[in-house]
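J.: Now for the letters of each chain:
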Amino acid sequence: MNEAAIFAEDVKKYYTVKVGFRKKAEIKAVDGISLIVREGESHCIVGESGSGKTTVSKLVLGLEPPTSGTLKFFGEDLKEILVDKNKLRAFRKSVQAVFQDPYSSLNPRKTIKEILEKPFKVHQIDYNSSIIESLLQDVGMVPPQAFLDRYVHQISGGQRQRVCIARALALKPKIVTLDEPTAALDVTIKAQILNLLIDLKSKYNLTYVIISHELPLLKGIADKITVMYAGKVIEQGPAKNIFSKPHHPYTIGLLESIPPPDPKTAKEKPLPVMEGEPPSPVNPPPGCRFHTRCPFATDVCRKEEPKLSEVEKEHFTACFHLRNVVQ
Amino acid sequence: MRLKLSNINIKQTLRRSRSLTLSLILLITILFLGTMASFLTDKDPLKTGYSTGLTPPNSDFLMGTDQLGRDVFSWTIYGVRTALFVSVTSTTLTVLTAVLVGLFAGYFGGKPDQLLMRITDFFLSIPRFILIIFAVIIFGPTLLNIILILSIFSWPSIARIVRAEVFTIKEREYIQASRVIGASNIDIMFNEILPNVIPPMLVASALQMSDAILVEAALSFLGLGDPNVPSWGRMLAIARQAIYAGGWWTLLYPALFITISVLAINLLADGLNDILNPKTIR
Ligand SMILES: Nc1ncnc2c1ncn2[C@@H]1O[C@H](COP(=O)(O)OP(=O)(O)O)[C@@H](O)[C@H]1O
Ligand SMILES: [Mg+2]
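Keeping their order, the protein sequence lines are chains A and B. Reading the first sequence from the start, the letters are residues 523 to 849 in the numbering used here. Reading the second sequence from the start, the letters are residues 250 to 531 in the numbering used here.
A hint or two may mislead.
Simulated pairs of lysine to aspartate or glutamate, EDC-like, Cα-Cα distance not exceeding 16 Å [claimed, not checked]:
#	chain 1	residue 1	chain 2	residue 2
1	A	K632	B	D436
2	A	K694	A	D671
3	B	K419	A	D623
Hints in this document: simulated from the structure, not taken from any laboratory. If you're wondering where the values come from, they're calculated on a predicted model, not measured in any experiment.
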């Protein structure tokens, strides 16, 4: 079997922050996650705001080094990539990103043409106007000539996100991470962008890491799903299984959550069906991190931390009460 | 690094921003007088003895002469050169230093940033004009020294503005996007961040220019200006005695030119604010 596009094993990212005078606290943004993304897959990472999804994407993009653990891209260790100029250059070409907020993802002082030329300039790749135009065409901005000289404030939110996608595709990457690609958009536009992403994936032979807190939206696009809670993976498996037979009470809660009607006001709020707040990333509760909100929690959940166990083929869940929950 | 004004209609802006229109009229007039000085008068501004004693304005001496027989008109219009030269060069130096330091400190943070903050705290805690006076006394009142000293004591406050601006801009996602593409730090600083820092800097630079004119005039008034060039401030010092003999013209014209040039530049800052921030255009 081929090397996985992304291989992560027990990856942790702790941030040290100052609290008050000379005191420091450790924020466990990502606390030991493992995942394998195969080439051509759409791997979705879901979880509430603050669960560490964006941090995972920063690690995958090599923007920040992990505190510990192993990260490999097509078999190559990130540590080695980061210290080797040529490898890093190739890595920057093959791993691209679309960020959460299309409003701040594009430089307001640049025209769309300049934004799309930038990747070529950085990598000293020859380009011409027809290449730039075909990029715009591919993301559904037609006619492309009408957009080239516009500034970011002259196009709509959906169009901005399309430009971000075009920029990510410019270097013909292998992996694209998408951090909440539709969270800031109107409901009708959400669907358009998701469909566009599905089309582009086969056209450009992409591997996706899609981050979202709206699990139901991902039905059409996800191959694998990793559910994160407070920096940990609590369920992971093929999307089909997770949608049809979720095991963890948290995943069940996420699935029942309906995408909020107005994405601008409801953006990243706690999910309506799930009561309570996620725990603090500085002092996570002992035992299962979800026990403070879990309707099935018992003594064992408060003391011991559940390990991920295989409930079905390639489908893992970390919960002590699987039988009760599923019934 | 180019500033994009292509999406701004110049004619419309001029019509809407009265400060800009007025400022441009005043600035063009002053610049005309300064650059054309040698065609507008054949008198040497520094030369004494054109007349015997204080002479009121007449057809020979448009702005009269002072008690040593110097021509106030040629002094005043040659004074435009001195004022603008000091102002433009010191502002350029100030802003270049401030932008470079502020950009690096704001972008990289950490130790260099802390150092910058200490330095600026020091400069900002002592009245700048006193420092400038001391420095001019120590190093001598030449035009070059005045320009350098003005720049050295002026960049810290502007560097702080740049730093604060860079601090917020570098957190925007388009900076992360540039990094993901593989852009270098220098590329990001100068091509992605700098264009966003320039608009607020233009306003600060304009204010720095008018401030430099005032400081140079004040130094010259105190006898700390370069004695080899005509300066409005020095004519004001001369006026201090002439005024008792009724020589109001020695006071009026240099004072008028200082006021007009400072006003024109401040209006320019105001006008730039209007252009760069379309919401404020009425
Ligand atoms: N650079 C950072 N410094 C300190 N804490 C951070 C940093 N980035 C993220 N965090 C913290 O890590 C946790 C996870 O954040 P994030 O990965 O953004 O979650 P999500 O994307 O799922 O909302 C949050 O508590 C957040 O405050
Ligand atoms: Mg996030």
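J.: Holds or violated: are the alpha carbons of K419/B and D623/A at most 16 Å from each other?
T.: holds, 15 Å
J.: For the pair we were handed, K694/A and D671/A, check the Cα-Cα distance against 16 Å.
T.: violated, 23 Å
J.: Can the restraint linking K632/A and D436/B be considered satisfied, given a maximum Cα separation of 16 Å?
T.: At roughly 14 Å apart (the allowed maximum being 16 Å), D436/B and K632/A satisfy the hint.
The structure fails to meet hint 2 from the earlier list, while all remaining hints are met.
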